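> Could you fit the two chains together into a complex? Lean on the hints.
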Amino acid sequence: MIFFSIVAVIDCGFGVICDYLNSHSKGGDTKDRYYIAKQTSEDLLMMGSSRMHHHYVTEIVEDSLHMSAYNCGVDGNGIILSYGYLLMITERYKPKMIIYDATGFDMYEYDNQRSLDLLKEYYKEPGILDILTSINKKERIKLLSSLYRYNSKILPLLKDYISSSSSNQKGYAPINREAQESPTDLFVNNNVFILDTLKLSYVRKFIDKCQENSIRLIFCSSPLYGKSPESTYNDPIESICQEKHIPFLDFSEDHEIIDDYKNFSDEAHLNGKGAILFTNKLISALKGF
Amino acid sequence: MSFLSFNFWLVFPIIFGLYWLIPVRYNTLRKVFLILVSYLLYMNWKPAFALVLLGVTVITYFGGYLLEKNKKEGSRKRIALFFAILSLLPLLVFKYYNFINDSIHSGLEHLGVAFNLPGLNWAIPVGISFFSFQAVGYLLDVYHGKTSAEKNIIDYILFVSFFPQITSGPISKADELLPQIKKPHTFDYEQGKQGLKFLVWGMFLKIVIADRLGLYVDNVFPNYDHYNSVACIVAILFYTLQIYTDFAGYSYIAIGIAGILGFDLINNFNRPYFAQSVSEFWRRWHISLTRWLTQNIYIPLGGSRCSNFRCWFNIIITFLVSGIWHGANWTFIIWGLIHGFLLVFERIAGLNPKGKVSQTADSKKYLKPIRIFLTFILVSVAWIFFRMPTVGDSLGIIGHMFSADNASTIAASGINTTLIVLPFLFVKDFKDEFLSTRLKFMNHPAVHWAWYVLLFVMIIGIGVLDKFIYVSF
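Chains as they are written, first to last, in this note's numbering: chain A, 8 to 296; chain B, 108 to 580.
Hint data in this document are derived by calculation from the structure and do not stem from the laboratory.
Note that the coordinates shown come from a computational prediction; the quantities given were computed from them, not determined experimentally.
All C-beta atoms, glycine included, are put in the ideal place defined by N, C-alpha and C.
Treat the hints with care, as some may be off.
Under 8 angstroms between C-beta atoms, here's a sample of chain A residues computed to sit facing chain B [unchecked claim]:
{"hint": "1", "residue": "F10"}
{"hint": "2", "residue": "S12"}
{"hint": "3", "residue": "V14"}
{"hint": "4", "residue": "I17"}
{"hint": "5", "residue": "C19"}
{"hint": "6", "residue": "F21"}
{"hint": "7", "residue": "I24"}
{"hint": "8", "residue": "S141"}
{"hint": "9", "residue": "K145"}
{"hint": "10", "residue": "K149"}
{"hint": "11", "residue": "S152"}
{"hint": "12", "residue": "L154"}
{"hint": "13", "residue": "I161"}
Using 25 angstroms as the maximum straight-line C-alpha spacing, the simulated BS3-like pairs for lysine-lysine come out as follows [to be verified]:
{"hint": "14", "chain 1": "B", "residue 1": "K475", "chain 2": "B", "residue 2": "K461"}
{"hint": "15", "chain 1": "B", "residue 1": "K304", "chain 2": "A", "residue 2": "K149"}
{"hint": "16", "chain 1": "A", "residue 1": "K127", "chain 2": "A", "residue 2": "K45"}
{"hint": "17", "chain 1": "A", "residue 1": "K103", "chain 2": "A", "residue 2": "K149"}
{"hint": "18", "chain 1": "A", "residue 1": "K144", "chain 2": "B", "residue 2": "K153"}
{"hint": "19", "chain 1": "B", "residue 1": "K153", "chain 2": "A", "residue 2": "K145"}
{"hint": "20", "chain 1": "A", "residue 1": "K251", "chain 2": "A", "residue 2": "K45"}
{"hint": "21", "chain 1": "B", "residue 1": "K289", "chain 2": "B", "residue 2": "K176"}
{"hint": "22", "chain 1": "B", "residue 1": "K258", "chain 2": "B", "residue 2": "K290"}
Chain B on its own, in the form it takes in the complex (with noise of 0.2 angstroms):
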C-alpha cells in the first residue's frame, strides 16, 4: 500500500496505536505485529508478489547460514555466488526477462535469424530492485566478514520485509537495521518529532511540489514536438526538480514512518543539485544505493588502487549496473553510461572533489556557483534518458530544443501554483546548504511550528495526488 493512499494514513494510526501499546518486554510480539503489518501492507499491491518478498528472504537468509558454517574460501565464494544469483532470480526474470527476450529477437533479426521466446505478461513485483538489493547486500556483507549471519528467522524477515522501505528503500545495510530491530523501543519524543517533521517535509516534497511539476511535465515530453524549445527546456528543468522531489519526498516519508515507529533509516538525499561535480552529485543522490553499488560493485572490481585504466573500467561497470538497475531498457542504460563517463572525465580533469584541480578551485569561492550550474544542467540532460521512452525520443527532445521553429505552446495545467511553490524547496535546501549556522531566528521553535504548519496546509490545500516515480523501480 502506498504511503500516499487515504486508505494508509486511515490504518497507521492503528499501527502506530497498537505497536506502541505492546509492552516493552514482549518485543518478539513487536516484531512479529510489525512483519504481519508489512506483509499485509504489501499484499495489498498484490497479493502473490509476497511469495517473491518470501522467496528472496529464505534464500538469503539460507546462504547467509551456509556462509557462516563454512571456513573454506573457495567453497564460501561459491555459496555466495549461487545464492546471490538465486535471489537475484526474481528480479532478472520479472524485470529483464522481457527486455533481454526483446534485444535478442531484434539483434537476430538484424543478422536475419528468426528466433523469440515467448515475452512474459507479468506485473513486475513493487520494490523488487530495493528489497533484492537488501537482501543480497547482508548476503555479500556475510561472505566478506563485514557483518555476522543473522540467527533469529523473526528479526531477518523484518530486516527484509520492514514496511517503511520495501517499496522504495532507503536499502539500509544489515549492521544498521539489525541492531535496531533487536533492540527493545520506548517511544522517544524527540525521535517522534522529527519523525514527524520529515513526514510533513516528505509529503510536502511528494505532493505538492513533483506531482504538480508532473503536471506540465507530463503534458510536454510525450508531445514535445507540439511545443517550442523554451517549453521543452522548461520541462527538462523542471522534470530535474521533479525526479529529486518524488524520490527524496517518499524516502523521507519512509524516513518519518521508520522514525515514529523508532528506528533510525539512512538519510538518502543530501541536496544533490548543491553538488559541484557529477562525483559529487554521487555523494548526494541515492546515498543508499550508491553505498551498495560501491561496496558491492566498484570496490570488488578493484576500486580506485589500481591503474588508471582500470579505474576508469570500474567506473563505467558500476554505472552501467546503475543504469540497469533503474529499468529494463536502453534509455537507463545509456542514462548510467553517461554518469559513468562524466565521473571518469571528472577523474581524468581532476573535478573530482579529491582532484587537483577541485581543490585549488575550492579556495575561489566565486568558481561555486558556476560548478553548481555546470553541475545542474550535466544531470539535468541525462534525466532527459531517464524520462524517454526511447533513445529516439531523447535525442528527438534535445534536438527539439535547438530548433527554430515556432510551435504553439500551450499552456500546461498548474504551472502558476508550481512557480508559487519552488521557492519553498530551493529556500530549505538553500538554508540548509549554505546558511545552516546562520539565520538562527528560523531554528526559533514558533518559526517551526509556523512553517510546519504551513506546510500541512499546503499538502491538503493543493497536494495533488498522483503516483510515485520511483515505485516502478
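Next up, chain A with everything else stripped away, as it sits in the complex (with noise of 0.2 angstroms):
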C-alpha cells in the first residue's frame, strides 16, 4: 500500500511537471506539436502524415495565396491525430481553408497506436478522450497514470524546454537527401494491404467537422514515386470526397514530379527540391478554386 501510495504520489509529480515542459518548450517537434494543438491562428492550415510535413512549402503557399499559413503535418501519423488537432483548434478559431493529404495508403490498417502518443496529454480536452478510447477502449484506464500520458517523452521534453532549435519552416520541414538510385517502387509487391474502417470513418468525421463549422476543406494526393496506373488506394478518398462534395486533387501520378527520381528522397517523400516543384503545381491548381 505504501508502496503504490509513494507510486502515486510521484506520478502526480510527473504530470504536473510534463504539463509544464510541454506547453513552455521553446523548439523541437514539442513546440511544434504544442503550437498546432493550442495556438495556431492561420487562416490556412495544412494537415496530414510525413508527406504533409515535408512536401508542403509553406512559405510558397502564404506568398501565392496571401493567406497566412501553417503546415501541421506529423510524421508517422494521420487523419486520426488531425482529427483531434482539428478538435482542438476548432474550440478556439475557425481557419478559412483546410488542405489535407490523403495518400489512399494512408488508409490502410496500420498501427493506429501512433496516434495515441500524441493525443494522450490532451485527453481532457473535449472530444479527445473518445478519440483515444475509439483506439484501445482500456486507455480509460491508462490515462489515469500521468507516467503513462508522458510514456517516454521525459528526454524530449526536457531538451525542447532548453534548446529553442528548430528545423521547420512553419510546419514544413524539407529534406535535403536526394535518392541515389530509383526507389522501387511501394506497391509493386504483393502485399495484402486492409482498409482501415477506423480510419475512414476519422475522414467523414473530419469532412463533417470542417462543413460544421464552414471551413473549406481541400483534399490532395501528393507525388508517389512510381504509382502504377492501376493502383486503386485512393479510389475510397475519392468516392467519401465525392459523396461529400470535397474537391479531391491529385498528383500523385504527376509526370512531370514523378518520372524524375531526383525529386524524391526515398520510396514515399519527395525531397526539397521536388517539394517546392510540387507546392507551385498546388498553387496553380488551388487559384482555379
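This is the structure in C-alpha cells:
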C-alpha cells in the first residue's frame, strides 16, 4: 500500500512537471506540436502525415495565396491525429481553409497506437478521450497515470525546454537528401493491404467537422514515386470526397514530378527540390477554386 | 495471454484473489482453478493450440503410467522411445516440417531432382518447445527411475500447463514442481514480497531495457548495409544485451508470478555475461534448458566419462540439438555448432571451469576481466547467427563490421534513453556478482524500497511494449 501511495505521488508530480514542460517548450517537435494543438491562428492550415510535413512549402503557399498558413503535418501519423488537432483548433477559432494530404495508403490498417502517443496529453480536451477510446477502450484506465500519458517523452520534453532549435519552416520540414538510385515502387510487391474502417470513419468525421464550422476543405494526394496506373488505393478517399462534395486534387501520378527520381528522397517522400516543384503546381491548381 | 499485455494485469488481481480465497482444505479445487486459468490464458493466443497442449499432456501421462507398470528393460526402452517421439511429434511437425521440406527440396534441386511436398501454413503453438521438453523430461525421468510416474491426472495436467511458465519456461523438473503442486499452500508474505521483487525487476529488464534496445537493433540489423561499421558493432552489442534482458526479464516475471501464487520456479539466469568462459556461460544462461540437455542428451550419449574424442562428439551433438531446439533455420544450427566447438576448444585448452589453465588463472585476478571480456565478445559474435534471417546475412554484417566504407549512420530512435537505463542493469548485476557481501547499505529496507519504486516508475514512464523474442521458441 505504501509502495503504491509513493508511486501515486510521484505520478502526480511527474504529470505537473511534464504539463509545464510541454506548454513552455522553446523548440523542437514539442513546441511545434503544442503550437498546432493550442496556438495556431493561421487562415490556412495544411494537415496530414509525413507527406504533408515534407511536401508542402508553407512560404510558397503564403506568398502565392496571400493568406497566413501553417503546415501541421506530423511524421508517422494521419487522419486520427489530425482529427484530434482539428477538434482542439475549432475550440479556439475557425480557419478559412484546410488542405489535407490524403494518399490512399494512409488509410490501410497500420499501427493506430501511434495516434495515441501525441493525443494522450490532451485527453481532457473535448472529444479527445473519445478518439483515444475508439482506438483502445482500455485507454480510459491507463490515462489515469501521468507517467503513462508522458511515456518516453521526458527526455525530449527536457531537451525542447532547454534548446530553442527548430529546423521547421512554419511546420514545413524539407528533406535535403536525394535518392541515389531509382527507389522501388512501394506497391509493386504482393503485400496484401487492408483498408482500415476506423481511419475511413475519421475521414468522414473530419469532413463533417469542417462543414459544421464552414471551413473550406480540400483533399490532395501529393506525388508518389512510381505509382502504377492500375493502383486503386486512392479510390476510397475519392469516393468519400465525391459523396461529401469535397474537392480531391490528385497529383500522385503527376509525371512531370514522378518520372524523375531526383525529386524524391525515398519511395514515399519528395525531397526539398521536389517539394518546391509540387507546391508551385498545387498553387496553380488551387487558384482555380 | 502475454504477461506484457495490459489485459493480463487487469485479470491477474482477480486470479490472485480467487486463488487465495479458496480455502486450503479444498486444495484440489485450487488446482482445478489453476488448470482452468492456465488453459483459458493459453487459449487466448489461439483456442486450437490448447488441443496440442492437452495432447502432449495425455501422451506423456500414459507413457509414464506404462513405464511404471512395465518392469522389463527392453520393453521399457521401447515404450519410452515411442512415447517420447509421439509427444515430440507436434513440435516436429509444427516447427520443423517446413524447414525439413525446404531443405530436402533445395538439396534435391541441386541434384536435378524436382520433388516437393506441400508446405504448411500453420501458426506454431506458443511455447510448444518449452512444454514439450518439460513433458518429455518427465517421461525420461520416469524411465531412468529418477521420479515415479504421477498417478493424479489433475496434478500432472497442472504440471505441464502451469501458466506462469508455459510460454517461455523455465523448464521445470517433475521432482521440483509436482511436490509443490501436491502441497497445500498458505499465503506467505515473504514469498509474495520476493515474487513481487522478481516481477518488477523482470518487467524493468523486459520493457524498459530489452524493448528499448530493440528499437535500435531492429533499425540496424535488417538494413546493416546502410549503416557504418560502428553502428553495426553497437547493434551487435545491443542485441547481446537485448536477448539477455528480454529472456531473463520474462523468466523473472514468470518466477515472480509463480512466487505470488506460492510456487518456487528454478532461476533460469545467473548473470551470464560475467562468465569467464563459454562453458561457464552455459551454466549461467537458460539454466533449465542446459540442465535438460545435459540430463537427456549429453549424459545418455556418454557425457565426459568416455574417450576425449567421444566427449567432444557428445558436446557437439548436444549443442546441435540446442540450436535445432531454438529454431528451424540453418542460422540456429550454426549458432549451436559455434557454441559446441567453442566448448570443445575450451576443454582441449583447459579453459573450461574444471580445466588446468582455468584453475591456474583463478589465482591471477587480473586475468578475470580479460576472460569475461573475451567470453562476452565470443558470445556476441555467435548471437549474430541467432538474430539474422540467413547465414548470408550473418556473414554480411560480420564483414560489414570490418569494412571501411562510410555508409550513413542514421540516428536510431531512443538511443539516449537506452544509454540512461543500461547502467541500472550493470549496477545490479555487478553488485550481485562481485559485491554481494559488501555495500551493506544497499540491503537497507529504505534503499530497497527506493530502488523498486524507481524501477516501477521507469516501467510506466519509459517502458516500451513490444514483442517477446523468446516466445517464438
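> All hints, please: hold or fail.
These are the hints, each one checked on the structure:
no.: 1; hint: F10; verdict: 7 angstroms, holds
no.: 2; hint: S12; verdict: 10 angstroms, violated
no.: 3; hint: V14; verdict: 6 angstroms, holds
no.: 4; hint: I17; verdict: 5 angstroms, holds
no.: 5; hint: C19; verdict: 12 angstroms, violated
no.: 6; hint: F21; verdict: 7 angstroms, holds
no.: 7; hint: I24; verdict: 11 angstroms, violated
no.: 8; hint: S141; verdict: 17 angstroms, violated
no.: 9; hint: K145; verdict: 5 angstroms, holds
no.: 10; hint: K149; verdict: 7 angstroms, holds
no.: 11; hint: S152; verdict: 6 angstroms, holds
no.: 12; hint: L154; verdict: 4 angstroms, holds
no.: 13; hint: I161; verdict: 7 angstroms, holds
no.: 14; hint: B:K475 x B:K461; verdict: 15 angstroms, holds
no.: 15; hint: B:K304 x A:K149; verdict: 22 angstroms, holds
no.: 16; hint: A:K127 x A:K45; verdict: 14 angstroms, holds
no.: 17; hint: A:K103 x A:K149; verdict: 37 angstroms, violated
no.: 18; hint: A:K144 x B:K153; verdict: 22 angstroms, holds
no.: 19; hint: B:K153 x A:K145; verdict: 22 angstroms, holds
no.: 20; hint: A:K251 x A:K45; verdict: 28 angstroms, violated
no.: 21; hint: B:K289 x B:K176; verdict: 22 angstroms, holds
no.: 22; hint: B:K258 x B:K290; verdict: 15 angstroms, holds
In summary, the numbered hints that this structure violates are 2, 5, 7, 8, 17, 20.
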